[in-house]
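Residue numbers (my numbering), protein chains in the order written: chain G, 1 to 672; chain H, 1 to 672.
Hints listed in this document are in silico derivations from the structure and should not be mistaken for laboratory results. Among the clues, some could well be false.
Said to hold, decoys possible - Here are the simulated distance ranges between beta carbons:
(1) G:181 with H:572: 53 to 59 Å
(2) G:23 with H:572: 56 to 62 Å
(3) G:295 with H:55: 39 to 45 Å
(4) H:204 with G:25: 39 to 45 Å
(5) G:20 with H:25: 51 to 57 Å
(6) G:571 with H:572: 22 to 28 Å
(7) H:579 with G:344: 45 to 51 Å
(8) H:498 with G:129: 51 to 57 Å
(9) G:233 with H:303: 30 to 36 Å
(10) H:579 with G:108: 54 to 60 Å
(11) H:51 with G:23: 44 to 50 Å
What the hints assert, rightly or not - Covered stretches of chain G (chain H as the covering partner; in silico rule of three or more C-beta atoms under 8 Å from a C-beta of chain H):
(12) 45-51
(13) 128-137
(14) 162-169
(15) 390-399
(16) 413-426
(17) 615-628
Unchecked claim - The following residues of chain H were derived to be distant from chain G, with all beta-carbon distances above 12 Å:
(18) 1
(19) 4
(20) 252
(21) 354
(22) 437
(23) 462
(24) 464
(25) 531
(26) 598
Just so it is clear, CB atoms sit at the ideal spot from N, CA and C, and this is done for glycine as well.
Each chain, written out:
2 protein chains.
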Amino acid sequence: MSIKMHGSEKALLLKEKFMAEIARHPAFKLSDIHDLSKDELRERTMEKFASMVYFVTNESLETFQLRMQLIGIADPSFWTRFGVAYGLFLGALRSGATPNQLSYWIDRGVLGLNGVIGCFAMTELAHGSNVAGLETTATFDRGSDEFIIHTPHLGATKWWIGGAASTATHAAVFAQMIVDGKKYGVKTFVTQLRDTKTFTLMPGVTIGDIGKKMGRDGIEDNGYIQFTYVRVPRAHMLMKHTQVSRDGVVSEPPLAQLTYGALLGGRTSMVTDSSNSAKKALTVAVRYAAVRRQFSSGKNELETQLLDYPIHQRRLMPLVAQAIAIGFTGLRLQTMYEDMTQALDTMEPSDPNLHDILDKLKETHATSAGLKAFCTWACLDTIDKCRQSCGGHGYSAYSNFPLMYADFAVQCTWEGDNTILSLQAGRSLVGAWGAAIKGKKLAPGVAYLNDSSIRTAKSNSSLDLSDIQRAWNCVAFNVIKKAAEEYVALLKSGKTKDEAMERCSQSRFIAAKLHTIGYIFRLFKEAVEEMEVNEESKMLRTVARLYGLWQIEEQQGYFLKYGYFDATQIDKVQENVDALCAEVRSVAIPLIDSFALSDHIINSPLGKWDGSVYESYFAQVQAANPLPKEHPYFNRLIKPLLERQNEDMEDPESAMGLDDELKEMEDDRKGE
Amino acid sequence: MSIKMHGSEKALLLKEKFMAEIARHPAFKLSDIHDLSKDELRERTMEKFASMVYFVTNESLETFQLRMQLIGIADPSFWTRFGVAYGLFLGALRSGATPNQLSYWIDRGVLGLNGVIGCFAMTELAHGSNVAGLETTATFDRGSDEFIIHTPHLGATKWWIGGAASTATHAAVFAQMIVDGKKYGVKTFVTQLRDTKTFTLMPGVTIGDIGKKMGRDGIEDNGYIQFTYVRVPRAHMLMKHTQVSRDGVVSEPPLAQLTYGALLGGRTSMVTDSSNSAKKALTVAVRYAAVRRQFSSGKNELETQLLDYPIHQRRLMPLVAQAIAIGFTGLRLQTMYEDMTQALDTMEPSDPNLHDILDKLKETHATSAGLKAFCTWACLDTIDKCRQSCGGHGYSAYSNFPLMYADFAVQCTWEGDNTILSLQAGRSLVGAWGAAIKGKKLAPGVAYLNDSSIRTAKSNSSLDLSDIQRAWNCVAFNVIKKAAEEYVALLKSGKTKDEAMERCSQSRFIAAKLHTIGYIFRLFKEAVEEMEVNEESKMLRTVARLYGLWQIEEQQGYFLKYGYFDATQIDKVQENVDALCAEVRSVAIPLIDSFALSDHIINSPLGKWDGSVYESYFAQVQAANPLPKEHPYFNRLIKPLLERQNEDMEDPESAMGLDDELKEMEDDRKGE
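If we strip away everything but chain G, and leave its shape as in the complex, we get (with noise of 0.2 Å):
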């Protein structure tokens, strides 16, 4: 079962690996996290940060893709950190570099940080979803051959940048090209920020701390740059795309470059971490609810366990299948990335099947927009949810679900705010459901929408994963057909395309909903299927069909709304969802298991693997407060409260004289 939910045998023998390496290292010790401050939090961050540059430069791509997902799980806030110099520096320069300048900066230093620490600024204080409006300058001066770098105001301050308040050394800084008085958009600027040796600021940089956030405060290492006219050599600009001449020759490229990929892997990296985060959840909400006992039923001495109410595995077990489900579609879209990737590569331009592969990965890609708001949503709500079932304890720092919860918050907004990606997708279908009823075949995950006769299709009421995927793609279609309706509809009316867009956001919102729900499904159903049918995958096939109708239930308005399912039958979904929920409950903790986590990975008491849960509840809050040798304000506060007499007060009539005061404001506001 831990197999398959890994992937292969391969990822979960280096998870243990990578899991009994950093509960050893001292840098990556987590039990005392709560109780750090800032700066000792930053800190241990840097340490940890050293102590990853020899993985980076020594390990394979998949083996160190690996050891980082699973850092993602346990130390949020490091990941981060680490990936803004690797995933943003270096994929900014992988991107944006020509082959001469990438391999000039692997020279300085970048991969192994000796030499050239980078960081990413692109977001600006009053820029962020926007890239194209950002209002940092890049303004070519011909006489020198350099380009001098400018922040104009004060919004076009660079905000929230990783890395700079007290780390990088460069910065790949997004900035207003402007060539001879002509702008030609934003480019990508190398610029360095402190001088390599002494760590002071370059003349003209202005760098301040952003301060404290939500979470992820071990990157609280976010700094704000202003630049104020900096001059840095032409050939810093990264040419790949766009270049610039020393005569000031700009030479921009035929077509926008291909640049789905690099935010495919990312949004697929952000499904696969929101299941991971989800189970870490899980993992102390159900073991813990295993152990927790309350309210005794009768004659029994011994208080049930919470997980065997009904209500309580109504609370857990359907965010158990949604963590699993989503994992398997972040494996399976894994794959599928790789193997489009690889056809593209190998692939001749001449090749008759390389449309199909484009379209292919730009449904994939506009798909994977939707599985990024839907599933960073889904785990958050998980985390709370997990909280909220461990009662107070949920609430206490150390059951360590407060700081799941505020160091994922931010994955519901970074890579694009998720509503705003929730529309990128609703438009993609938009465009699907026209390509459709012009007749072309559509891409698989979109394929549903070149079968019309799934319009009006009813349930033959088994309610087994093939109707449950009839289901979603009934409503699917339905929901799309009626975004894009309302959108020829508002085209019609005389709306530009921009407009009418706007117009039916919230029906492209919940055709990007419903869709990626259903796509969710279709994946798991998918991956269960293709398992040789034994115990496991009869397990594995149960919580699919308990995330199938739960989702159904969740979103019954649609099914009935267009005649899927009749009223008798969304009873029977409910009733088959209550025996579903017992069903997983009675393997919910083998499941929970074979996610794989250790104790140190999820610390928190509350989830402890051996069950000794108050025992070492306790330990944790004895060690983490250590009695103080004196009260630390006995005398200055409390005693002479304790000790104050009563007749030291005034009379409280004359003193208060409310009345009086509230005529005097009411007059006030009367005369204005």
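For chain G, the structure is supplied; the task is to place chain H on it using the hints.
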């Protein structure tokens, strides 16, 4: 408008007065709160505490309650800290002490904290919701006329006790009373924890700090307490209900006391607090959306205000409507509750109306359980949606959303876990249903269950307030019927009452949810319909329609299932919600202003009243994060990294030897 929202002009004026007072009080400084350490937060909390003692002893209860309501919005941490001493400890004395006992404790200084600072020691490590299952014991020792308070094992440790860690001198300890070997259930014993002169712990009392929590760190003062055979005089047992004589004769009350009142008061204040906290978050999000611009629409140079995007209106306007709806619900609940208590107080036991009033009180009590649950959930959800609607800046601590979320989250758990409370409400609805079919006339809150024609009602397509009200009555009727019928069927199949209730818990939950939303809508509708017709009340009618229709959209499955609306009408509902969002957006800024929350209270630069978002945000970030004089870890960590030579490393292949390791792990595993 603002007066209407605050219930009276006096309430609004008082709020403005209190806001002005705390804005100038150094202990209530809020802007630096995100960067204070645990110890600093605690000390400041104690300063606030001392500053409030004057008001509690001198202000009228009504005025002081309004003062605390405001404090609850500005500083939830402190509000809790204060509530522990006054609401809980004093509340325990009021409800449990005889008149003589009460005056004894008041003479010892309970009110002014001059002599006694109390805390409320109910919850134990292993017991929260199930108070009857508490395991601390209080054994009567006839010889010395004392009770011996004892913690028998770790799970019985008093846990989460607010104020215990470093402030309280006494505790109201809930313990199983044992007299002559017989257990009499949980009673309350006022137990001294610390010497009031020296503050040293009393013999046998062990106290520790519970440490870091998700939020409300100003009450870090949560402690745990273990008692090792601690003796308290018999007279310190609260004896209003159960008495123990000098000879150990126990007299128990003939009937369980009527405790509706106490719980109802707390729940009403949590409904009001849900509205206020949601309004605080919405003030920030809506003002920010009016300032933030993103993407330009075509040729127009200026980018579009976020608030003008239909999807952004969809994100925020229904939440504005909901916060207002809950606010009016809170006001009416308060009035209803006061009227009922007054009626009960002045009524003779023989009064023929007594029974009606008691029924009404009972119904309101049950409904208030559902209201507490769904209003606190709605508010928590609102805070996070507001955060997300502000993009990346919502993740900054200085936006204040992270603290608002963390502080509010506990409201879903304490005073009854929301899921459990919902089920209690559902249980009472099942009971009401049973009474209705026996022909009993029900209290107003559930009177629609007396009208069985509502079950098959259909919409007249007007979608006006009456149509919406009938819609809610129709679906609530049907889902309560479903839960009740499931329950009856389970009883018939031979289940015990308790088992049957557990088995139908999902249906009970749904019944409580739909009843509660319909109830909120009804109270809001009644409030606006009582207002004289003018521009303001028209606007509030629009808000009420938005609330009712948006919630129908959210729960559309039930309206389709029970046939109140058909698919075409449901599409109309969506169109109406779109249009109403745009309409409310047009008055969004004045609506938000009428919430009357000062810049000091909202404590977020993103929501500055004058729109100076970026300037204020930048200034706050700078003030909170002064540049360090020296880099904290450049020499220790960064310099060695930057100046490292790659040649220092061993040959990567042999160093890694990864495949050998994995082989070994696999062999180990197979050998198991």
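Would the non-interface assignment of residue 598 of chain H survive a Cβ cutoff of 12 Å against chain G?
Label holds. Min Cβ-Cβ 14 Å, cutoff 12 Å.
12 Å Cβ clearance of residue 531 of chain H from chain G
With a cut-off of 12 Å, residue 531 of chain H remains clear of chain G, as the shortest Cβ separation is near 21 Å.
Beyond 12 Å from each Cβ of chain G, as asserted for residue 4 of chain H:
16 Å, holds
Range agreement (Cβ of residue 129 of chain G with Cβ of residue 498 of chain H, hint 51 to 57 Å)
53 Å, holds
C-beta pair residue 579 of chain H, residue 108 of chain G: status relative to the range 54 to 60 Å that was hinted
With Cβ atoms ~59 Å apart, the hint holds.
Consistency of beta-carbon spacing, residue 55 of chain H to residue 295 of chain G, with hint 39 to 45 Å:
Given a distance of about 41 Å, which is inside 39 to 45 Å, the answer is holds.
Quick check on a hinted range of 30 to 36 Å for residue 233 of chain G and residue 303 of chain H, using CB atoms only.
Roughly 33 Å apart at Cβ, these two residues keep to the hinted range, so it holds.
Please test the hint of 51 to 57 Å on the beta carbon pair from residue 20 of chain G and residue 25 of chain H.
Distance hint for residue 20 of chain G, residue 25 of chain H holds at roughly 54 Å.
Does residue 252 of chain H clear chain G by more than 12 Å, comparing its Cβ with all Cβ atoms of that chain?
The claim stands: residue 252 of chain H keeps its Cβ more than 12 Å from every Cβ of chain G (closest is about 22 Å).
Assertion that residue 462 of chain H lies outside the chain G interface [Cβ separation over 12 Å]:
21 Å, holds
Within the assertion that chain H covers the region 390-399 of chain G, do at least three residues meet a Cβ-to-Cβ distance smaller than 8 Å?
This one holds; 7 residues, not fewer than the three required, reach chain H with a Cβ under 8 Å.
Per the hint of 53 to 59 Å, is the separation of the Cβ atoms of residue 181 of chain G and residue 572 of chain H within bounds?
For residue 572 of chain H against residue 181 of chain G, whose Cβ atoms are near 54 Å apart, the range 53 to 59 Å holds.
Violated hints for the displayed structure: none, as all numbered hints are satisfied.
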